[in-house]
Each structure stands twice: as structure tokens, then as C-alpha cells.
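Please build the complex by placing chain B on the supplied structure of chain A, with the hints as guidance.
The chain contents come next:
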Amino acid sequence: MSTAVETREPVTGTDAGPARTRLLTDVRLAGGVLAQAWPIETFIAVNPLGGFEDLPFDQAVSRAGEVLGARGTLDESLFRRAHEEGRINSEELLAATRRRVPAAVAADPVLIGGQPVAADELILSDLLNGEPAPAPVRAERMLSELLSPGIAAEVDAQAAKWTSAFLDGGQAGWTMPGREDGFHAAWRDLAARDRTVPKAVRESLRQIPERSDDTALWALERLGIETVDQRAYVRAHLTRMPGWAAHVRWRGEHGSAIDLVSWVAMRLAYEAGLLEDELGRSSGWSTEFQAAGTGSAPAVAPDLRAARVAAEVAPASEPSASELAGISSLLEQLPVSERGLVWLDAYETHYRNRLLHNLESASAGPAERPAAQIVCCIDARSEGLRRHFEKTGPYETLGFAGFFAVAISYQSLAGGAPDSLCPVLLEPSNQITEIPAGGAEALAERQLAGQRALAGAEDSFHSAEADLATPFVLAETTGWAAGPLAAAKTLFAGSYGSTRARFTRSAAPPAPTVMTVEQAFTFEERTMFAEVALTMMGLTGPFGRLVILSGHGSTTENNPYEAALDCGACGGNRGAPNARTAAAILNGREVREHLVGKGIEIPDDTWFVAAEHDTAVDTVTVLDRHLIPESHVEELSHVERDLVTAGSALSAERSRLLPGARSGLSPADAARHVRGRSTDWAQVFPEWGLAGNAAFIVGPRSMTRGVDLGRRTFLHSYEAAIDTGGEALETILTAPMVVAQWINCQYYFSTVDPVNFGAGSKTVHNVVGGVGVLAGHGGDLQLGLPWQSVADGNRLIHEPMRLLTLVQAPLERIDMLIERNTVLQELFGNGWVALAARGSADEQWMRHTHHGWKAWNDQEEAK
Amino acid sequence: MKSRSDLSQMARIEVVVSGADAPAVREIFKATGATGFTSVSGVSGLGHGGYHQGRLLFNDQATLEMLITVVPAEKVDALVAGLRPLLDESSGVMFLSDTFVSRPDYFT
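So the sequence lines, in the order shown, correspond to chains A and B. Counting with my numbering, you get residues 563 to 1425 for the letters of the first sequence. Counting with my numbering, you get residues 3 to 110 for the letters of the second sequence.
Bound-form chain A, shown alone (with noise of 0.2 Å):
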């Protein structure tokens, strides 16, 4: 607790004074705790820890223990299970705790019973056996928290309540009154009225100032809190409900007319009256508050932790009190809290053993030219699509952010709200539009016709659903084909889908469409995306006939997190419109022309042919047919064809870890398997995504080629000879990488935590519209993922780790591309990401220390 006491100055005028601007960037400050929230139709997978990248990962998981009261690691009772399964073995714990305590482990035996038992057996013991690590517990509360529990539980509850009737999405049959004057005026206006509320607490609602900022100090000085304190007591009641504050956050930050600081102000002021009405006017109310690090953290008592593992090493012995203490002090190096750190290391060490073992049998591609080229997406359902496909002919795959290097904001032909399809580390600088090609524009008109003839349908439905009067007559009218048509879509998924999908194509034929490639880019812009991707995935020939460009997204059905199994380099959208757009320009003959006086000479019967893999059925689509030459139509039907063998090898490896799924399917039956999954509208488990990613490797096809990475590894292509001055390889590594680092962040604290970071079971989600879901009827948003994407009951799917980022070009070179860019020094040199380099296939791995690089099978050496 803070004993300076700074005065607020009056506030008045419509600029803002300086508590008005401290104000602001405290609460700011204060939200930088927060995960990044988009709402769930774009859904982003970010480093839920994001504000904390500044630190070392070990600090960052402890801060976020006392600010957020999450865990940072799995719990340690899973690690155990791990280690009896063998996932980890002894030699790699006992190697890790080497590596973080180094002189615990070499310490002298401490004797129990007066036999001297060695400091590893004793540490290995407490590690496996210890008392248990208590949960960390949020330490900065509200006051309300401390004083009065059910005031802090109606605080939120109002809080939810018009925060949910504020960005209510248009589904709500009620709209609250006065939004069109943004959040602060509208709640001012009713919280004053609502008799849902003492009615001391809606006189002193009815006092507070016009302005959010300065509802907000009114209520901090009501409650005591100096300015000194109000940041962190700001962030207790953000960290209080972290889902609504992130997502209002976000809001704030895209110009909605709520933000971080109406939205704090909102419930400052009902804490303030309701602690009021409750416990009267106290001047010492404020001392209650604390600020998070200055209390104590919960602990495992030093003499218990002793006594169990003297319990477990030596059963018979009776230890003495002096004894006792020695385990105590020898097992003090090792704080409770951070074994699950030394854990974690092993956990790692485990797989990327094994992964760069497995490498070492990697084989090279087609020697001469390929048949056919594909480029994929990095994502890591990639891999196990190129692998298969790899298998079918003398073909070559490669890897590349799936938005192609085209950070497009895309109109459909429908029209519409335009999408960025971008990751969202960059807004879109072209805008792109689907237009009808030329001659089919009655076919396009066609279209639309239709689409708008089933979205009305649609609509219509829905809308007597929610009506008061129409659900009467809907159900006389549709109930008798509402029920069996529920009841085909349960039983029958697979067949009402592909029927639904034949009708649809039948009600709104699609036409031919091309993109405004010529009107959105400039020659020099296309020029220069050429050039930058075809040199950064280090595809400067040979050149095959075809080159597919595929960008990629996930079909399924009732599945509000549909947009997080899409393409996360495309800002949660399928990336179909970007391979499109790229493709257009690839095969644009000035292009080319360009391109021969930059050393890369594509051939004249190239075609680079837009697609699109679905990761849930493991299909690739042809886009654009009709642009492909004739002379090119029949290389492409074997590719196809060899596109769906590939599908459907990949569907039978992925059943065998998809729940329901029968064992020992072959591909044709796994192929309609999954169909099935696609089109179920009951099933919660379409499709595994993400799950299981930990590496990221950047070179060429030849250090991965034939070898089962288990699709867990973002594949990025690069040639290192061809980039002699690390353009492209800073490019990938502050992009690309950057986004698979928060892919694999969510992915990894939504399972070491699923309360606080991920966002529990999809069973009870309740959608709320635009925004995201609720777990039941009310309380705080979720954020992250749901526990159905990682885990099946209770066997993890994901196994959390860090990412390991794999590169082969000159270590010389990544370590001048570190040396100027923050973001390397933080996620390489704060441990978010393990890096690990050889110059050449030659050479041995190498890792990237503080102390510089090591050889990576020295493993006692410090990270």
C-alpha cells in the first residue's frame, strides 16, 4: 500500500487536464494485462500473455500468476502422468533441473537416518512425489472483494448486463435506448432508473459527471484510491472479469463508442455506491487495497515438502530435525513454483530430440523439373497434406503465409462489409473485388439472385423463430419438416450436406468471377509482391507446368469457432481470395517480363492455378477454372487426382485421432468420414486444427521432405542462397513466425489453464452475437480456446510447449537480424521461442543461447 497521497486537480473544459490524461494511459496500462480479443467471427489466436512479452517467460508466467491468478504451466500432476507414460523420462528431468538450479543438483548428499542420500535422487523425488503446487491466487482485489463479496458479484453483474444490452449484435428483441450516444451517456441515462439497484445507489448513480474519464476519478476518490494506486486498482477490476475487458478493449481500439475507460468508469461507480449504501462512508477503506507483489504468494510449508520426500527416498528412516532442514535447504533452490518450469523444459527437450533426430532422415525432392508445384499455407495441417501428396508423383510442395503476400481487404461478389485478409499485424493496402468475368454477367446476376433467395429464406425463419406472435404458426406451418429435417442433419449428416450443398449450387449457380488485380495494384505493387514471394519461399525455379497456390479454410457446421480453424494469416478468413489475387498476378505477362531482370525467369507454359485446401474434409478445390488454358487441363485433372488420394490418405491418419471416429478406417471410408464431421451440426470435435504445434521450421523442403512431422510443424520455405542480405528471412521471422509464436501461445495456455485462458466446454456456450460466448446465461466472456480443441475428456491433444523455431541459413546472418529487430531479442531472448540454426545441411544444429550459440546436443548448457 502506497503512503503518497497525490491530489487531483478539478476537471473541467472539454480537453482533457493531467488527471484526465493519467487517467487514460492508466487505464491503458492497466489493460495491457489483458489478452487481445477480437470478436469470435474473426477469431485471432494470440499470446494470451501478449503485455508480458517484455519479460523472460519465467517471470511472465509468475506475473501473470499474481495479476491474473492463472497458471503458467501445465499442472503438475499431468506432467507426472507424463513421465509415467514415458512421454518424459528421468535423465531428462534430472538434465533440466540441471540446467535451471546446476548447483542443487551438485551439492553434497544430505543424510536421512544418518545415510547420505544424493541431491538429484532427492530433488528427482520431490519432483515426482512433492506436495503438490497451490493454484496461484489473483492478489490485487477489489475492495469490494475484501469487504463485501456480493457487492463484487453484483458489480459484474451489472457489468455484464450492459456491456452484453451495449454490443448486443441486433439478436436481442430489445435494444438499449440512447446507444447511438455511446456507452457512458446511454448506461448514465438508464443505470440512474433501474430499480434492479438500491435506491441510495441510483441517487448517487444520478450524480456522477457527463463524461466517462470523469466518472471514473469521481468514483476512484469516493472509494480512496490515491492516483498513486489507481493503475493497479484499475486492473483489479479489469483482471476481476478479463473477458468482457478484453473484448471492450478491443472495441475501444476499433472505434466502437465503448472502451476500457467508460467501461471501468461504469463499474467503478457501482462499486463506489453499492459499498456506500452498504458499509457507509469509511475513510479506511482504501487501505484494504494492495497492489499485486506486495502480499505473499501461496507456498507449500519447507518442512512438509521435506518430510514427504525424506517419506518417499527413504521410507525406514526416521529423520531428525537438523536433517530435515538439510532437505529443506537443498530442495529451497528449487522453488515449488518452478518446478513446473523444470517440467516444462523436459517436456521440450523430450520432442525436439526426437524431431531433430527424425530429420536426419529427410530426403530431397525431384531432381529435375516437377511435375507440379504446390504452395500451401505454413499452418501445420499443411504438412500432413504435402507429405501425402509428396507420395503420389514427383511433385514439390512448398510453404508460405497463406494470405500470399497480399494484404487485400476483399469484397465478395455479394457484396458486403469487406474483409481484411491480411495477418492482422498489417492493415490491408489494396482493395479487391469479385467481379463477374467477362460474358458471365447474367450468370453472375443468376447467382445473386439466388443467394439472396436462400439468405431471405433463411432469414425469414429465423426471424418467427424469435418473433412473439409468428412461433405459433411457424411451428403449424414447418414444424412437421422442422423435426425430421433436425433429425436427418443428427442422423445423416454426411448425406444432408452433400444434399444441401447440391441444392444450393442448384438454387445459386456459380458464375465465373474474376478479381480487380489491374485496378487495385499498381504495376510497380505487383511487380514487387512478385518478386518478394516467389524470393521468399525461395521458389525462383525450376518452375513446374503447374503452379498451385492454394490458401485454405475449414468447413463445419453450428460451430461459433469456425473462424479459428480458418486462416490465421488471413485474419481469420478462408484464404481462398488471396491465392486468387496471387495467382492473377503470377500469371501476368509485363509481370514476368519484370521478373526475368530480377534473375527469375518463369517460363511461358507456367500457370499458376488458384485453390484451396479444406482442412476439415481434406479436399483441394480448383478456383478459377475457367482462366486455365486448355493446354494445362489435363495436367491438372492428374494433379487433382492425385490431390484426392492424398485427401483421403490424410483423412485416415486424422481419424485416428478424432473422437467417434471408428478405428482402422480406410481412406475412402475415412474420406466420407469426415465429410460426415464436416456437415454435423452436433459435433464438437470437427476437426483437430492446430492442436499439437511446436515448431516452426525455415529452409527448404529437402531438410523435411519424407519425414512424418505429425502435421505439428509450421513449414515455411526459404532458401538461404538466394537471400544473401536477410530480407527475406526478416521478413519470416518477424511476420510468419510472429504469427505461429500466437498461434502456438494460445494453443499452449488455453490447455495449462483452460479456465483463465481458454474458454471452458463448447456444451454450454451461448453465443453472443458479433461478440463471442458465454459459458451459460451470464458472467465473463471466454476467451481462447475451448477445451474441445485441445483436449478429449481428459486426454490432452495439444501438448503444450513452446515453439522451436528450426532455421538453416547463416547463423551470422539470424544473429544481425536479432541484433535490429526488439521483437527477435524478446521472443528468442526472453525464451517465448526456442531457436535453433545450421548454416547449411552439413553442419550440426546449433542453439541460440545468451552466451551465444551452443551446439544443440550439449545439453548442459544454461538456455
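Just so you know, these hints were derived from the structure itself, not from any lab. No experiment lies behind these values; they were computed from the predicted model shown. Fair warning: there could be bad hints in the mix.
As the list claims (entries may be wrong) - With a straight-line Cα cutoff of 20 Å, these simulated EDC-like cross-link-like pairs (lysine to aspartate or glutamate) come out:
1. Lys32(B) / Glu603(A)
2. Lys1324(A) / Glu603(A)
3. Lys32(B) / Glu815(A)
4. Lys32(B) / Glu840(A)
For chain B alone, kept in the frame of chain A given last:
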């Protein structure tokens, strides 16, 4: 050419922060009533943290941005009250200096 006595004295604030922090700076500028600002993205340079790369091809958030505004002296306290705690928590820097303008109505 006008002499300095014909010009109006104002305060000039330059801030260099990461692209991720730039919106916070713009928000403080706006809140204090600054009538405008200039921003230069992708700036490079050498600081106490070493050399900073300029523009990155596909990451606008990890590069440095310079934001410059000019305000009447009475608004400086509010600006500094908002900017200082922000810069205490990040690697950014702030420069405050006197400046002279010929069209004060543009800045008030």
C-alpha cells in the same frame, strides 16, 4: 522573412515509440486537444537498446514510429501527465522543446 518576434511560441513534443504503442500516443494527443500531429512510421536509428530496424515488410507493430505535435504551452502538463507513465513502461522516448509558428490558429 519574418523575424522570430512575429511568430507565436508553442511547445513541440516528439515521441518515438513502437508501432504497437503509437495508438496510445495518438489518443493522448487527441484527448489533450492537439489539433493535429505528424507521424512517421518505420523509423530506424540507434538508441540505448541498440540499432532499430526501419520498416518491416509484413509487421507494422514491431517497427518504431515517430509522432510529432505542436500545442500551446498550457496543454503541455496534460500531455506529459499522459505520456510519462506510458514511456516509463515502454522503450519509447519523448522530446519536449519550444518552437515558433507563424499560424497559431492552426494549433489552438
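In ascending order, which of the hints set out earlier in this document are inconsistent with the structure? Of the numbered hints given earlier, those the structure breaks are 1, 4, listed in rising order.
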